[in-house]
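Just need the whole structure built from these sequences, with the hints factored in.
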Amino acid sequence: MNEVIIIYAVTLLLAWPLGKYIAGVFNGEKGTAGAVFLPVESGLYRLFGVDPSQPMSWQGYGKALLKLHLVLVLIVFGLLMAQGLLFLNPDGIGGMSWDLALHTAVSFLTNTNQQHYSGQAQLSYLAHTFGIVTLQVVTPAAGMAALVAIVRTLLGRSDRKSQPSADGTVSVGNFYEDITRAIVRVMLPVAAVVALIIASQGVPNSYEGARTAIPLDQTAGMTEQNIPIGPVAPMVAIKQVGTNGGGWYGPNSSVPLENPTPVSNFVQTVSIVLIPAALVFALGFMTGRRRLAMVVMGVMVVMSVSLTSVAIWSENQPNAAFSGLAADGPNLEGKEVRFGATATALWGSWTTQTSNGSVNGMHDSFNPIGGMIPMIDMFINVTFGGIGVGLIGYLLFLLLAAFLGSLMIGRAPEIAGKALETREMKLVCIALLIQPLLILGFSAITVAFPALTGNSNPGFHGISQVIYEYTSAFANNGSGFEGLGDDTVWWNVTCAVNLALGRFIPILAPLAVAASLAAKRSAPEGRGSLSIDTPTFGLMTLAVIVMFTLLSFMPVLILGPIAEALALMS
Amino acid sequence: MTESNSVTVTRSASWLSAVRAAVVFIVLCGGLYPLLVTNAGKVMFLHEALGSMIIVDDTVVGSELVGQRFTAPEYFHGRPSAAAYDPFSVGGSNYSASNPDLRARAAEDSSIIAQREGFDPGSIPVDLISASGSGIDPHISPESATVQAERVAKARDIPVSHVNELIERYTEGPTLGVFGQPRVNVLRINLALDGKEISD
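Protein chains in written order, with our numbering: chain W, 1 to 570; chain L, 1001 to 1200.
The set of hints was computed from the structure by calculation and includes no laboratory data.
Note that CB positions come from ideal geometry on N, CA and C, so glycine has one too.
Accuracy of the hints is not assured; some may be wrong.
Chain W regions said to be covered by chain L (calculated; three or more residues, Cβ under 8 Å) [what the hints assert, rightly or not]:
no., stretch
1, 373-380
2, 541-549
Partner residues are not named here, just some residues of chain W that face chain L (Cβ under 10 Å, in silico) [as the list claims (entries may be wrong)]:
no., residue
3, 61
4, 180
5, 195
6, 208
7, 322
8, 334
9, 337
10, 407
11, 409
12, 410
13, 412
14, 413
So, in structure tokens, the structure goes:
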């Protein structure tokens, strides 16, 4: 228990100064960091052939983002299919099938890292570093860039807020400037520090191929043990700090080579929430609305602690399958002895709150209620959330709460002095409603054709496996109930659709909303206007989030994990 | 960002810049970053960088971080593995609590262990019949080592007290008393039983 409290405290204490630093990065404060990084960044802009001071409309920003992503996904897709013919492949790993390569490329492009393959056996070092690690650095930075663009347009300080240009077009910033700063000044330095800490604990760091050992008990049936290594530490570090989640080894951070000790587990757990939480503080420092940031943080911590507590309680209950066969103890099926049930439940909850998706134990083998928590975390997906996109998602709920709240107190809907009208609310509703539509729609189709499901577990849990997979894809999470046989054309292609829509609509729609609001005449925020930085409004937003999630997903929770729990009790 | 109205706000983005940026990011993030970190890590932590291998008498007997399968009575046995302790096919069972296959596997393991160690099934520590997440968990709980002590001592014809002393010596507690769980590294304690003790 103390372990959990310390991890929460350390994470939030580190997030505060990091948030302040990130705000400085995007507010263009020079500082010492600027002196180091500015020359690097100017060099990069020259290589791209862009002028970072060129303001972009929301369409220009969105197009720049989409075009960069499209080029990257094509390159990585080609790399995955051709890896067998290329260099940096000491273990002689072959290329992927077209559908697996498509799913993998889109999965990493969308900051999801859902894996229908096992990295140690199916990716060369070339594909792992140049393909996977590149996307693991670039995609959280893209999320951060989109958040900064939205925040500065929607809530920016009056002295920094983008003003419409002569022809009335609103600038949201320059995409290349934002993403380059996020990569050079935030993602790479933080990842490098984490990589060296976990390297000290035993995470491999080498471009050499697998090691071979002669096992001690030669009567046990294994004469040689081949142990895959590689440049694992830099990947594991960025996978943790970048809300990516895709591990070097198939079972991710449960593998002792990927997460060797309780110390590496501590550092990796903190890394899951660090930058998403820092961005909430950064919101306050960037806009000068520190009270708003504190209220948002408060709501997120309340959601996080309540859901995590349930997961920890559940995993400390015995696994029903073992009753009478062993001494009573926590559920250790799919868990590692060095971590135990509590640290694994904490990780399982955090990794799904943040769209990270890495695991240090198998969620499929969690007790039914313990396995339901990651699903709820992913339905909500704004408890810290993915880098950038989590807070963007929260802002959508905030707009919805402001709309409803204004109506409740009998005023014309507004936010920060700008009228919320049909166009904005339509976009907000599209961005919110596409989630249940896609998850429930695809789950229904798949469950209706049992040949498609690939279930490894029978009954109610089989339904949970399908819902979990689509939820994870749409939430850009990447964790799974991994028993699912998901390397099929059906799963690869339908998940790719969920991944892409779940990533880009929730980025582009809010960007359009922010620009649309910024173009309106501003009414001064007065005594009568709805204030969004009070605890009351925080509670209102929380209520909207809870209601929206329950109304959308309560029925499937009853069909899956709740029915399974009840069946086991009887 | 320039806020001046004399600058026009662009609504378009160039394909060429996207291609150039993509290539530069691949070199920077997929090439330079892992290359620098991997080499720095290798310089600082060479033993760890290469997989924490244990070498006894010029033979690589395993990795501190990778469990092995033990079946001989003179060794401590590890946890059930869904991957047969093969690091290239790591994985958990992914059985749900409601899956009858999990119950069947646990019942078989439980009765084998109860018979082998001469204990009542109700006193077997739960980690000994639960498959780990990785399939190569190098550890068992100290309780799981203790229930095996008598059988190991008998097979080796040495006093149980000696085996229990080893268990105590090889039990790692939570780091700083807080992080992680008490555990025994199965390969390392078995090496010690064979008189091939390695130092940290």
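Do the hints match the structure? See the list:
1. 373-380: violated (count 0)
2. 541-549: violated (count 0)
3. 61: Nearest chain L Cβ about 8 Å off; hint holds.
4. 180: holds, 8 Å
5. 195: This hint holds: residue 195/W lies near chain L, its Cβ roughly 5 Å from the closest one there, short of 10 Å.
6. 208: Hint holds; residue 208/W Cβ to chain L Cβ min 7 Å, cut 10 Å.
7. 322: holds, 5 Å
8. 334: holds, 4 Å
9. 337: With a closest approach of 4 Å, the residue 337/W hint holds.
10. 407: Hint on residue 407/W: violated, closest Cβ of chain L at ~33 Å, above 10 Å.
11. 409: violated, 35 Å
12. 410: violated, 37 Å
13. 412: Hint violated; residue 412/W Cβ to chain L Cβ min 29 Å, cut 10 Å.
14. 413: violated, 27 Å
Violated hints for the displayed structure, listed by number in ascending order: 1, 2, 10, 11, 12, 13 and 14.
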